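Position chain B relative to chain A; hints supplied.
Protein chains: 2
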Amino acid sequence: MAEATKVHLSFDELVSLLEQIFLNNNVSATNARILALNCASCERDGSFSHGVFRVPGYVSSLKSGWVDGAAVPEVEDCGPAFLRVNANNGFTQPAFLAARDQLVEKVKTNGVAVMAVRRSHHFSALWPDVEPFADQGLVALSVVNSFACVVPHGGKKALFGTNPVAFAAPREGAPPFVFDQATSAIANGDVQMAAREGKQLKPGMGVDRDGQPTTDPKAILDGGALLPFGGHKGNSIALMVEILGAALTGGYFSSEFDWSTHEGAQTPYTGQMFIVIDPERGGNAVFQHRVAEICDLALDAGQERLPGDRRHVTRALAAKDGIPLDAENLEKLRTLAAG
Amino acid sequence: MAEATKVHLSFDELVSLLEQIFLNNNVSATNARILALNCASCERDGSFSHGVFRVPGYVSSLKSGWVDGAAVPEVEDCGPAFLRVNANNGFTQPAFLAARDQLVEKVKTNGVAVMAVRRSHHFSALWPDVEPFADQGLVALSVVNSFACVVPHGGKKALFGTNPVAFAAPREGAPPFVFDQATSAIANGDVQMAAREGKQLKPGMGVDRDGQPTTDPKAILDGGALLPFGGHKGNSIALMVEILGAALTGGYFSSEFDWSTHEGAQTPYTGQMFIVIDPERGGNAVFQHRVAEICDLALDAGQERLPGDRRHVTRALAAKDGIPLDAENLEKLRTLAAG
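Keeping their order, the protein sequence lines are chains A and B. Residue numbering for the first sequence follows our numbering, starting at 1 and increasing by one per position. Residue numbering for the second sequence follows our numbering, starting at 1 and increasing by one per position.
Isolated chain A (complex conformation) (with noise of 0.2 Å):
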């Protein structure tokens, strides 16, 4: 069998190419800049279903007309603690970094901030947009609702998202503990990878279009849905989610949109919600030790890793070598964005 060949790539040099097929497809300068170099980190780090993979669902989205890649936030102060963001029918990621410094601000003068994210659109991974506050030294929690394909504990019919879950804290002498883990016991962009590689998943991830039990993506996909993790705790979590990232954000509920108007939209039309905090107000100047003990008692106890460093393993390779991509793939890209 035949290995694909790969073309290494350097950071810069992904996300100038993922720019400029953001700017063919009406996304402003700034948010070409934005969603580029989040896709190109999640490439970076491994984390493949939301790397160039989701390229294609970008752009089939922004041509639908479904999100505006152009979309301008409006910050809205809602108090001491509390920001809330209008995305305007655009992607979250530029919603939320044009309140981000503001919030940062809110945290430093009062311990702990919350901002909400309404009529948005997120289509990548989570770990991007806690990680950062980890990094400035502050513990970040957000949830993100997202489109219908999880039927509840014990139901038939599709109700949540995948709805994501992310965690970052900061730990000495390391990186960020950070997680992003999807309610549902799969990630439907592992799905969508397993249907196009013609792979079995493991038992108890979905259901097909009759709520039976399957291990085939194709008829997960096709009608069917994915389980919760964990059963009817995992199913409270991911209740939790649609609560936290759409009835508090004032976004839609992940059952609720209707894109079936535009054609080849794929991007959730949801909300987003973030908990920030301050872990060393009040004195607590030993936190980020803290933090590093208990990561480092879980590795003790047999725990085989912790969550996030494979993907800090595969950043380090490609701050070496620089990301490897199909060539196959890459000519696909760059066809995109000669536009």
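By construction, these hints were calculated from the structure, which means they are not laboratory data. In this text the structure is predicted, and so the values were computed from the model without any measurement. One or more hints might be untrue.
[Stated by the list, open to error] A few chain A positions that, by computed beta-carbon distances, are all more than 12 Å from chain B:
#	residue
1	188
2	263
3	266
[Stated by the list, open to error] Within a straight-line C-alpha distance of at most 25 Å, the following computed DMTMM-like cross-link-like pairs (lysine to aspartate or glutamate) qualify:
#	chain 1	residue 1	chain 2	residue 2
4	A	156	B	304
5	B	63	B	222
6	B	157	A	296
7	B	156	A	293
8	B	156	A	304
9	A	156	B	296
10	B	108	A	76
11	B	108	A	280
12	B	6	B	331
We put the beta carbon where it would ideally sit given N, CA and C, even for glycine.
Chain B only, in chain A's frame:
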């Protein structure tokens, strides 16, 4: 098989009985009232593993000198939206209740606030801590770490506590949406109850002293350990609870405190973290309506019941008929109350 004879007590009768037991065991009047209300509420709602079942554990821990029933908590204002509370080796409930009004004021002023409790013993369910915030129209998230009885996913050595996460949100026309769930595959109290009743557990709940899977609750309690729920994802949440409940509060990790010098000690000496949000901040007056909507949608999609609903049914029954207690158990409680 003979059913145990049931005696029905009013809520107030049960509170008085429990209060006297705490008073007889070196608990201050203020703290005895708080603990009695908490324990009676659990029994009333059918949270049996945290109801009167816990009384011998409370008494044993108090007698051992491990926990200070007369502790006076110290509240520290750490900024506009951040409170710290030192429970001074007392129970958590009196500690956070000492700061509760101030916390709510901070939430109403700022939109969100954090309360970090340390040097505290939590020996009850977590839902009683968050539900009252939702009764006031607020959203509350709380975590508490406990004592090392959960092996990390893929590991062999107990490191995490059962580390529950509780969440409450107000819901229009219905009791609040509340969940309270251990990040272990099963709650420790439920393992104790199964052991007492001679029942086997479902597979996947725990390991024996050699780290091998077992369904015997006694093997889990006798040097074995629980497993996290939901594999590596539940594991990450358990680790987050250590970070928020201990590293951020300044409390001990679940694996860190040494109670071996206090024979009979049963109450974990850790920390507890609260994040409380004003969901209507910024003019989002439909929040409670939206929570009701997503709950109804979940039931409509086939979810059997919502977390917390069974408690509210049991509570309503208790309001009508009183709280049913085994006659034999009640006799033991009365003996303890007689002193």
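So, going through the hints one by one against the coordinates:
1. Under the 12 Å C-beta cut-off, the non-interface status given to residue 188(A) relative to chain B holds; the minimum distance is some 15 Å.
2. The claim that residue 263(A) is not at the interface with chain B holds, since no C-beta of that chain comes within 12 Å of its own (minimum 26 Å).
3. Annotated as non-interface, residue 266(A) keeps its C-beta farther than 12 Å from every C-beta of chain B; the closest such distance is 23 Å.
4. Between the alpha carbons of residue 156(A) and residue 304(B) the distance comes to roughly 11 Å, so the proposed pair stays at or under 25 Å and holds.
5. Under the criterion of a C-alpha separation no larger than 25 Å, the hint pairing residue 63(B) with residue 222(B) is consistent with the structure, at around 23 Å.
6. Restraint check for residue 157(B) and residue 296(A): satisfied, since their Cα atoms lie roughly 13 Å apart, inside the 25 Å limit.
7. Distance restraint check for residue 156(B) and residue 293(A): the Cα-Cα separation of roughly 18 Å lies within the 25 Å cut-off, and the hinted pair is therefore satisfied.
8. Distance hint between residue 156(B) and residue 304(A) is fulfilled; the C-alpha atoms sit about 11 Å from each other, no more than 25 Å.
9. Simply put, residue 156(A) and residue 296(B) have alpha-carbon atoms about 15 Å apart, close enough for the 25 Å limit, and the pair holds.
10. With a CA separation close to 17 Å, the supplied pair residue 108(B) and residue 76(A) stays within the 25 Å bound.
11. Distance restraint check for residue 108(B) and residue 280(A): the Cα-Cα separation of roughly 23 Å lies within the 25 Å cut-off, and the hinted pair is therefore satisfied.
12. The hinted pair formed by residue 6(B) and residue 331(B) meets the criterion: a straight-line CA distance of about 11 Å does not exceed 25 Å.
Hint compliance for this structure: no hint is broken.
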